[in-house]
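> Sequence:
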Amino acid sequence: EERKRRHRDEDTDRDHRKSRRRDPDRDSRRERDRSRDRPSHRDRDRERRRSRTPESSSSRRDRDRGSDRHRHRHREDRSPRRSRGEEPKRIEPLKRSGPLPSQEDSFAVTNGEEPEKPKEKPNYKSSGLLAAASNSIQQADGTNIALKYHEPAEARKPPPKDQWKLFIFKGGDVVDTADLALRSCWLIGRDAAVVDLQADHPSLSKQHAVIQFRYTEKRNEFGDKVGRVKPYIIDLESANGTMVNGEKIPEGRYLELRNKDVVMFGHSTREYVLMLPPK
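For the sequence shown, UniProt numbering gives the first residue as 1, with consecutive numbering after it.
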């Protein structure tokens, strides 16, 4: 019987060996299954991290909360206690007008004495009286006539090449001629004591209008500044107004005059024609 058992065991071992030799894929499958079941190094590291992070994060949060509570208590101890309804008092800065007081004045205040009041300084600002006096003309009898107009900063005499002339027509005839190139400003009106070009018609004001030459700058197509002296007319808020080419012009505003423009003052029938001779 023992021999039979031995023979049986030997036969089973042989069969097992043969089966292993015949089917090598089984062993590889078993090894794969075992490797799948076993946790890899990466999985072990992940497990360790997961097990560590909640503890460390919770401990950190607890530490931060504890430090915040400690700081809050420290601030409460330092700050004065106030009720919930009360608002914190704001300290407004001191407002001073004028320069700081001198050392003597500050010592006088501390000693209970009144400091000396500062002396009033002279005022050199323009009062307007000098301008009014300079913008007036004194007559022979000693009376002054205030001028309603004074020239602006851009006032210029026309250049010699521009010989502007003013022809005065009455009923188709030339009554008078004025060479406008002689000066930069021409005051027109009835008052012979102040005007440069007198007009005796009763509808005109004493100082009716002004023909003013002004220097103006404009940019050309290349962006360069080009300056020219051009004639302008301004109505000095006259009673009956001024017309240019049959249209009434606004009061107190400059209007550019061009060659062959016709100007009329008040209800006068005289025509003042501005002419620039051909070059």
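By construction, these hints were calculated from the structure, which means they are not laboratory data. Honestly, I wouldn't trust all of these hints.
[What the hints assert, rightly or not] With a straight-line cut-off of 27 Å between C-alpha atoms, the simulated DSS-like cross-links for lysine-lysine are: (1) LYS260 to LYS230; (2) LYS161 to LYS248; (3) LYS119 to LYS157.
[What the hints assert, rightly or not] Distance windows between CB atoms, simulated: (4) LEU276 to LYS206: 26 to 36 Å; (5) ASP261 to PHE222: 27 to 37 Å; (6) ARG253 to GLU104: 55 to 65 Å; (7) GLN139 to PHE222: 52 to 62 Å; (8) PRO202 to PHE222: 48 to 58 Å.
Beta carbons are placed, not taken as given, at the ideal position from N, Cα and C, and that holds for glycine.
> Report the numbers of all earlier hints that the structure fails to satisfy, in ascending order.
2, 3
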